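Same order as they appear, the protein sequences are chains A and E.
Just so it is clear: in the first sequence, position 410 is 410 by my numbering, and no numbers are missing.
Just so it is clear: in the second sequence, position 81 is 81 by my numbering, and no numbers are missing.
Hints listed in this document are in silico derivations from the structure and should not be mistaken for laboratory results.
Accuracy of the hints is not assured; some may be wrong.
Which chain E residues stay away from chain A? Per the calculated CB distances, all over 12 Å, these [claimed, not checked]:
{"id": "1", "residue": "F48"}
{"id": "2", "residue": "E104"}
{"id": "3", "residue": "Y127"}
{"id": "4", "residue": "N137"}
{"id": "5", "residue": "P141"}
{"id": "6", "residue": "R155"}
{"id": "7", "residue": "Y174"}
{"id": "8", "residue": "R177"}
{"id": "9", "residue": "N180"}
Quick list of in silico lysine-lysine cross-link-like pairs, DSBU-like style, CA-CA up to 35 Å [said to hold, decoys possible]:
{"id": "10", "chain 1": "A", "residue 1": "K106", "chain 2": "E", "residue 2": "K78"}
{"id": "11", "chain 1": "A", "residue 1": "K255", "chain 2": "E", "residue 2": "K78"}
{"id": "12", "chain 1": "E", "residue 1": "K58", "chain 2": "A", "residue 2": "K106"}
{"id": "13", "chain 1": "E", "residue 1": "K89", "chain 2": "E", "residue 2": "K58"}
{"id": "14", "chain 1": "A", "residue 1": "K431", "chain 2": "A", "residue 2": "K392"}
{"id": "15", "chain 1": "E", "residue 1": "K163", "chain 2": "A", "residue 2": "K301"}
{"id": "16", "chain 1": "A", "residue 1": "K255", "chain 2": "E", "residue 2": "K95"}
{"id": "17", "chain 1": "A", "residue 1": "K278", "chain 2": "E", "residue 2": "K163"}
{"id": "18", "chain 1": "E", "residue 1": "K89", "chain 2": "A", "residue 2": "K331"}
{"id": "19", "chain 1": "A", "residue 1": "K227", "chain 2": "E", "residue 2": "K89"}
{"id": "20", "chain 1": "A", "residue 1": "K66", "chain 2": "E", "residue 2": "K144"}
{"id": "21", "chain 1": "A", "residue 1": "K112", "chain 2": "A", "residue 2": "K233"}
{"id": "22", "chain 1": "A", "residue 1": "K326", "chain 2": "A", "residue 2": "K112"}
{"id": "23", "chain 1": "E", "residue 1": "K163", "chain 2": "A", "residue 2": "K233"}
{"id": "24", "chain 1": "E", "residue 1": "K78", "chain 2": "A", "residue 2": "K392"}
{"id": "25", "chain 1": "A", "residue 1": "K233", "chain 2": "E", "residue 2": "K95"}
{"id": "26", "chain 1": "E", "residue 1": "K144", "chain 2": "E", "residue 2": "K163"}
{"id": "27", "chain 1": "E", "residue 1": "K58", "chain 2": "A", "residue 2": "K301"}
Cβ-Cβ distance ranges computed for the label pairs, FRET-style [as the list claims (entries may be wrong)]:
{"id": "28", "chain 1": "E", "residue 1": "Y169", "chain 2": "A", "residue 2": "D357", "range": "55 to 65 Å"}
{"id": "29", "chain 1": "A", "residue 1": "K238", "chain 2": "E", "residue 2": "N152", "range": "35 to 45 Å"}
{"id": "30", "chain 1": "A", "residue 1": "D232", "chain 2": "E", "residue 2": "T45", "range": "44 to 54 Å"}
Owing to the predicted nature of the structure, the values given are computational and were not obtained by experimental measurement.
Ideal Cβ positions, reconstructed from N, Cα and C, are used throughout, including at glycine.
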Amino acid sequence: MVETDLSKKWNYLRKILERSGPFDTEAFTPSSDTLDFLHNTCKILVIGAGGLGCELLKDLAMMGFKNIDVIDMDTIELSNLNRQFLFRRKDIGKSKAETAAEFINKRIPGTKVTPHFCKIQDYDESFYRQFHIVVSGLDSIVARRWINGMLISLVRLEEDGTVDQSSVIPMIDGGTEGFKGNARVIFPTLNACIDCNLDLFPPQISYPLCTIANTPRLPEHCIEYVKIIQWDKENPFKCALDGDDPEHVSWVYEKAQERANIYNITGLSYRLVQGVLKNIIPAVSSTNAVIAAVCATEVFKIATSCYEALNNYFVFNDIDGIYTYKFEAEKNPKCLACSTVPRMISINNPSSMTLQDLIDYLCTNVEFQMKSPGITTMINGKNKTLYMSTVKSIEEQTRSNLTLSLHELNLSDGQELIIADATNPNSIVVKLKFTDNEVEMY
Amino acid sequence: MIKLFSLKQQKKEGESGNQQKSTRTAAQLRITKDINELNLPRTCTTNFPDPNDLLNFKMIICPDEGYYRGGRFVFNFKVGPNYPHEPPKVKCETKVYHPNIDLEGNVCLNILREDWKPVLTINSIVYGLQYLFLEPNAEDPLNKEAADVLQNNRRLFEHNVTKAMRGAYIGDVYFDRCLNSN
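Full structure from sequences and hints, please.
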């Protein structure tokens, strides 16, 4: 790429970002600053460098985002190469994140993709806080919920209890399965989050244990039997069952076939075994391309304010013709992830106030009026039970905490406590605010 | 529609240290509630080896009526990060002669698998387990030998259960003594 080309390189974006248009949002001012923001300031995190991730990285880099981080714990497999186009045969076995980053950085000069070859759970808040927008192409509900919970925990409240908007990191989540896909825009705590609509995900199939054990009728029953019962019993490889290990899959296939023969069950195949063990979802590259494009467009819209963001759920299906639909997923007021707004308690003497004093406060204060609160928290990433009177074995082991001061318990300013009590149908979250503290408040 | 806020400021990296970690997870919120409100029948006790870890504990059931009266059965509960959307993993650590519990400790209880709903709690499971001891069910066998005996010869079944709980061979399987008194 020649230098002189670079000046014209982003002309197609300038036409949108440096002119006003009929669809601008209130926050939009035509200016060259916006492109500068995309190039130099805006930091995007792409979660997953698989089918959607490869598309997303390409799309975002071509749309002027230059600072992109990508995180993926997986390595490249042969079966990825038909659609994960940033990877070549020679890359098999290498990190997806690293290989994808290297490819994009080379192919689209000026782009700085930083790879992270690890699990999303390996990083904490200080890592996630640095991003303006998170976009995910994940294949796991657990991972979606984890990042969802992380982004919610980053949301800060103002003194008056309203959300500090600068702490909200928007999340764009894409998902595909065969010819079907969806994309959604989540503003943590402001609109529906992943946990608000968990029922939208297909239920996990599970079979009654007794059917699997005694009256199997389907080939799946035989596979489940080997997976749940026979593996642990015979432990052929002295390790946990790994759906990625061909030796493990073959062993399960063989044993399931033996069982299927006993019960005259037909239809068992190696692929079915793989499917049951790994929950394999068929991937179609064109669906990934469509969904990634929608997601990247949403990232662009939110980053530039040039158009209103998708509100908030987009469905795509091209099995038979093309069908798309958009609706507003509603925030669930009972959502355990995003509707637990912490309640503040001001503490002016944390070095003399004991846990017992705090419990007395929770029981007598008109706002709480609790009966026998059980209190847990998290210190240095570890769960800690402060006190629980209702369970004997826990009570005995936590009783000594009652006479300790909040400081002695290592509780600090801004500490969140989870409090359960019979007077409330759900646990509530309380945030301690130490008023004598010399540390600056946010 | 959410009013778009301007994102156009530099994100601060590693902001001032007073930002507290708040990694409250749905599982932790829910299990705190479940454990705090455990309402156990007299016959059940819990044991938390680590009181800070509410996700892993033992439930000890000592039935005071039915075939298993006088026995003491330990169940291991493992609550996963997806709780309450997925049921806890429950295994019986005491070898028991029971039609619905196999010799590896797998338990056939509908709410532990196919009929689990997020509205159910740890308490619901305890009641389910308690019920299994009061009404062993030969229709849904996991230990087929025991189920056959229960179906065909209740007196022999009762005899086998009592014998097994004292520590004995039933067929060629040895059951450890698991009486409540010791």
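So, against the hints stated earlier in the document, which numbers end up violated here? As far as the earlier hints go, 1, 2, 4, 5, 10, 12, 15, 17, 20, 21, 27, 30 are violated by this structure, in ascending order.
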